[in-house]
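Novice: What follows is the residue order along each chain.
2 protein chains.
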Amino acid sequence: MKQQITIVKVGGAVVEDEAQLSQLLHDFTAIQGPKILVHGGGRKATKIAERLGIETKMVDGRRITDADMLEVVTMVYGGLVNKNIVARLQTLGADALGLTGADGNILLSAKRPLKNGIDYGFVGDVKAANGQKIAHFIEAGIIPVIAPLTHDGQGHMLNTNADTMASETAKAMATAGFDVTLIFAFEKPGVLRNPDDDQSVISNITHADFETYKADGTISGGMLPKIENALSAIDAGVERVIITKATAIDGQHGTVITQ
Amino acid sequence: MKQQITIVKVGGAVVEDEAQLSQLLHDFTAIQGPKILVHGGGRKATKIAERLGIETKMVDGRRITDADMLEVVTMVYGGLVNKNIVARLQTLGADALGLTGADGNILLSAKRPLKNGIDYGFVGDVKAANGQKIAHFIEAGIIPVIAPLTHDGQGHMLNTNADTMASETAKAMATAGFDVTLIFAFEKPGVLRNPDDDQSVISNITHADFETYKADGTISGGMLPKIENALSAIDAGVERVIITKATAIDGQHGTVITQ
Chain G
1 MKQQITIVKV GGAVVEDEAQ LSQLLHDFTA IQGPKILVHG GGRKATKIAE
51 RLGIETKMVD GRRITDADML EVVTMVYGGL VNKNIVARLQ TLGADALGLT
101 GADGNILLSA KRPLKNGIDY GFVGDVKAAN GQKIAHFIEA GIIPVIAPLT
151 HDGQGHMLNT NADTMASETA KAMATAGFDV TLIFAFEKPG VLRNPDDDQS
201 VISNITHADF ETYKADGTIS GGMLPKIENA LSAIDAGVER VIITKATAID
251 GQHGTVITQ
Chain X
260 MKQQITIVKV GGAVVEDEAQ LSQLLHDFTA IQGPKILVHG GGRKATKIAE
310 RLGIETKMVD GRRITDADML EVVTMVYGGL VNKNIVARLQ TLGADALGLT
360 GADGNILLSA KRPLKNGIDY GFVGDVKAAN GQKIAHFIEA GIIPVIAPLT
410 HDGQGHMLNT NADTMASETA KAMATAGFDV TLIFAFEKPG VLRNPDDDQS
460 VISNITHADF ETYKADGTIS GGMLPKIENA LSAIDAGVER VIITKATAID
510 GQHGTVITQ
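The listed protein sequences derive, respectively, from chains G and X.
Take 1 as the starting number for the first sequence in this note's numbering and just add one per residue.
Take 260 as the starting number for the second sequence in this note's numbering and just add one per residue.
Among the hints, erroneous ones may be present.
Stated by the list, open to error - Heads up, simulated EDC-like pairs for lysine to aspartate or glutamate below, C-alpha to C-alpha not over 20 Å straight-line: (1) X:386 with G:95; (2) G:47 with G:17; (3) G:47 with X:314; (4) G:188 with G:18; (5) G:47 with X:309; (6) X:306 with G:55; (7) X:374 with X:384; (8) G:115 with G:152; (9) G:214 with G:235; (10) X:306 with G:50; (11) G:47 with X:327; (12) X:447 with X:276; (13) X:473 with X:456; (14) G:2 with G:235; (15) G:127 with X:354; (16) X:306 with G:68; (17) G:35 with G:139.
It should be emphasised that the hints constitute simulated quantities derived from the structure, not laboratory data.
Using the sequences and the accompanying hints, generate a full structural model.
Specialist: Okay, here's the thing in structure tokens:
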């Protein structure tokens, strides 16, 4: 029987709000068995950048990362946000270890080429996730806490989307022989049939459902890449992906993505 | 026979200078066997603080760390400086892993009480270093890169002197059964008999020598706590401590501190 592992991805809005973070960390610690936390931190990066006089530019929700912004996200994601989460998890008895893709070479990426004429700057597209190395930490009882940063193998850090970090980590753990549950925790209770109605959670979405919902406009905008990420994880051997509210990460709520 | 390990501590002036850092990382990678790098980063923290409009206050060379400054050092030491070193070591074939005291709970500290009426703020005095945990990383072929931050076990990061981090780590590794060499790398070729003459390196200093040099004024100022740190490491079972120039960390140069 495969060893189970739960990977929870939580965005910046939650980790930067004291009350939400506190509950999230308690709920995360309560998850049985091996687990990994992948976090964002974009709002804090935007605030620190502003204080440093660095303008934040976004295209389709993705941060344009010039050299100055790379310094900011390396500081904020890898330092401020990551270490505060690690220190708090330690108080809950969770033996947390903060990681970026460079640490232990767990996530290697390539600087993104121009896309549709847009230069995203120092942004990394994941090339390889080292599931064996992460498994080694897991076997030692360690709980990895992963910041959305990778490295290019040539000495440079790269800013990397946290959803992608989570799904690539999930795929690598599946390949390493784990039974993987990947939970995307965010502000809504799941994928909604009607974005204005929190009661309209779609309980299950398959590849076929996704095509239908995309065609009829039920699912659109920022939810599209999230579900594409989820489906690509499923296709790569991840057992289940759940999209749910950050206050409901027990695996019993939200939208389940299956093949 | 005990397994050998080398711990190199290098200050901010070196890690923030591209040419010096490059050589240091090459020389560090060339050290045979298990090794640990402990780094500073104070100058970069001062620069970032200044850009954020946060005033840097020092007392006897130690940073007063209020809540704002704690954010800065957590970002700069734990994020910016640490991750850049880790990414660069990875390119040299060194499987580096960035750590603060909170990560894996390797260094626990207590917030410093008022000292001579001075409130140092969020500064930690090390209470416990977990040599067994660090040894586990070492056995996995990992090279820990430690930033000068600890945690208080109650969810807070604390700013901690990098020399102290290095000597406490060295003591813990000695207790864990390693034959430890601790190298303090800085801008001078060693402890100098005449501070204006780089040729006047004192080759060996014992407890008794130190008392003499202190009494006659040969050794004074910032060198005093450095040698006290070194002697406390020796007393706690560290085999040898070497104080040397950052460009000469091969163990053949500098001042050797012995019992």
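Novice: For this structure, which hints from the list above don't hold up?
Specialist: none
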